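Since the structure of chain A is provided, determine the placement of chain B on it from the hints.
Protein chains in written order, with this note's numbering: chain A, 13 to 829; chain B, 1046 to 1151.
It is worth saying that the hints were derived from the structure and are not from the lab.
These numbers were taken from a predicted model, which means no experiment stands behind them.
Listed next, the in silico DSSO-like pairs over lysine-lysine satisfying Cα-Cα at most 27 Å (straight line):
#: 1; chain 1: A; residue 1: Lys-700; chain 2: A; residue 2: Lys-555
#: 2; chain 1: A; residue 1: Lys-687; chain 2: A; residue 2: Lys-555
#: 3; chain 1: A; residue 1: Lys-724; chain 2: B; residue 2: Lys-1147
#: 4; chain 1: A; residue 1: Lys-676; chain 2: A; residue 2: Lys-708
#: 5; chain 1: A; residue 1: Lys-578; chain 2: A; residue 2: Lys-555
#: 6; chain 1: B; residue 1: Lys-1140; chain 2: A; residue 2: Lys-724
With the Cβ distance kept under 8 Å, some of the chain B side facing chain A (calculated, not the full set):
#: 7; residue: Asp-1131
#: 8; residue: Leu-1141
#: 9; residue: Glu-1145
Backbone N, C-alpha and C fix where the C-beta goes; we use that ideal spot for every residue, glycine too.
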Amino acid sequence: MAANLTAGAIAKMLSGEVTDEKAMTPILQVTEIKMIQQARRNQEVSFERYKIALSDGIQSQEGMLSANSNVLVKQGSIQIGSVIKLTRFSCSPVRDRRIVIVNEQEIIAEKWNIIGNPIPLLTPNAQINSVVTNSPQAQAQAVHRQAFGTGFHQQQDIRSELNGVANSSQAQVVQRQAFGAGAGAGSGTGFNQQQATRSVANSSQAQLVQRQPFVSATSPSARPYVSSNAGYESSRQEQTYYTRPPVQPQQPSMYVNRSPVARNQAAAPMTIPVAALNPYQSRWTIKVRVTSKGELKRYSKTNGEGKLFSFDLLDADGGEIRVTCFNEVVDKFFDVVVVGNVYLISKGSVKPAKREYNHLPNDYEIQLETWSAVEQCYEDDVAIPRNLFRFRYISDIENMESNSVVDLVGIVSSISPSGLIMRKNGSEAQKKALQLKDMSGRSVEVTMWGNFCNVEGQRLQSLCDSGTFPVLAVKAGRISEFNGKQVSTIGSSQLYVEPDFPEARVVREWYEREGRNAPCISISRVFSGAGRQEIRKVITQIKDENLGTSEKPDWITVSATISFMKVDNFCYTACPIMNGDRQCSKKVINNGDGTWRCERCDQSVGECDYRYILQLQLQDHTGVTWATAFQEAGEEIMGMPAKELYYLKYEDQDEEKFEDIIRKAAFTKYIFKLKVKEETYGDENRVKATVVKAEKVDYSSDTRSLVEAIHKLSTEDANSLTVNPESSNYRSGALNSGVGTSSVNMQGRGFGLPAANQFSSDSRPRGGMVLCGACGSNGHVFANCPSFMSEPQGEHYVSTQGRNAGRGMPRQHVGSY
Amino acid sequence: MDTSSPSAFVNGSLMRRYIGQKVRTVVQVIGSDVGSVVGKSTDDLQIFVKGSPPTTPTTYLEVIGIAESENSIRAEVKTNFGNNFDPLNYNELCKLANGEFKHFFI
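Chain A with its partners taken away, still in its complex shape (with noise of 0.2 Å):
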């Protein structure tokens, strides 16, 4: 079969026009192969890679063969004159040339004839490693691409590739200046090799990470190599080096071996995608981009102290994973990670991921050791992206878990000064909080902590004082439940202030046309009044749906009256010393001479400060339920502060007046925001009730939300719910008691008998009796009730008739004011 080689295909990989497969599957014939020993520092084996040219019957260019196929040279399937069809290859440039990694490949022809008169690229000199310029020991490549001679562009690339030699700008400057204009190439090159020699001699400092930046070659002779930094961007050295007589001779070899790290990278330029990182493959070499990069974390454990740090990674593939240094290997590679940078990593293990600590979407992390290699590319490459975000909406937050991660971009809507707040084990943390929303329609509270409050935190607050809002996207920010949805920062979350993402300027323009003004709906419930994203509960409902039994307490919010209240130990002797902006409140200890004395503080105070626990009994139309009120509420029921009230009891002994008060306090409504968790004591476990507020029942609003639940159910009713057999726990008693406290009249309506009615979303109707509210009998629910069913209730009631019939008795509700 005549195999055509596809002309052009190499000129456009040089130019970068086609760098993978998805371009172009060009199908190039192999004019020379070349083996290459790879020996790593720290281990014995040394293992053969396949250095080929590639020609299009116009061009060569040079390329490695995946190790896989190193069988197919053996066997000789892939010879010089065999044509392959490149159908999985990357072309990456190095300094300024390109090279062509075959992942894969199709053998058209085994053994053909050479097309056309390509450039011999690859040199007999089987000494000589890597072709690839990824590694710094670009001594050995520098001598090895001497011996190329001829070859256009490869002179390019030999001064180049000198230029990142030896990490030594004189190296680079000698060459340039060796070479002038570019021709000359048995000249030049040996100067040049002995230039690489002696600038390696001198660069003591190998850096194992440091590698000269490229020069992305274009058309080379054109390149004015005399001037001293033309195109050389990297070269953090100044180049002071300026005369040159070479002396040396060449010795390649000896320098081949110099730099450790640089050996091990010498002849892998082939990066695999970070996906395809797993423990088994123990010789990998990526490239990525830092993302983000942790704080230095110090640890003590049983068996001694440490210390780490981690880092996450990001490729051109979109592939991400964290890196974790371990005590000496932090020392080792702290300073050289820096953030945006790219780098060539490899010899680190691979580990499955740590989920506690590691969001990423990988499931492997790697841990660098000692051996590891983290070298800096200089020559930035812009397939691999700076950031990876997965945006979602706010509104998907609500669906989403507590301590997963998200990304979210919006724009901050307000912003909160920074507070201290005591962790439970004592320690201070700085958090701000702002309210983010977004386009979905949607805001939510993020938390910020510790160094993020002092930077964007305060970068955040100037904009917003200042009356801009500015955008703001989050990376990794943690999802937790506390009250409703909220998000707040880890240790490895990003925030990005006004960012330049195409992202972020949606949002912006989302904002300036409609968002500014439109409704946003809090999933975070602010902590404060009887808002709309408070739960209503009735009290039996906490005992049905067993609130404060899971981990976390249920707060919610309850309509009730005062039923009873334990006059006896109405307040305690607190402990007024202030811990920042919270005063300590301990029960303090009378030290029998005047003094009280607080354990946590560890101090006695003279003057103790009396703090209101009150033991209220609440009800409600449905039960009755014990709360505790602490200090806050406590007051607003009393409606003096604890303090007086006991030096009015206790001092002044005006036992009528304490009764009075108390009087005054009981039966009156309150609308209660407690918080409810179960509790154990020693072998029991009792659902404890707190009143955290106690606010007067503001009756509009209260109103509104019972023509709310009405309007519910009526609509409920209307689209069947699903017949369940199971009917309510109907409590009579509960109900009894409720309809005698608590006048039930809506606005006006004097009526007793309770109305079918579900509350919020959650009707459950449970039990086993099928109780009409009305009449009481067994048999039949409210609805059917024959007691009412001598007029036409209206058509809801009729159509609803048949389906009321298999249904339970749903929870029973009646407007209590």
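Just chain B now, kept in the frame of chain A:
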């Protein structure tokens, strides 16, 4: 409780159902004259109340009387309902009291 003459809760639009019957409603006082009050019902319709307003009128006024036409009441009892009153809730009440839950009311 005297239930001999029950009054139905109405708003502006429901009054026509009870012409000639006793109704009660709450209006927001727009203007008052000697002998009459002009008010805005909770559903934003104009209601004329015949009968002199109380000496110190508040913003909201409850009127119980006979509905003479679909927008006027001959008031028998007028009660000040204060300045903070939620007309929306009252409106809802009227709707429910005459619709779904009519059987609750006399």
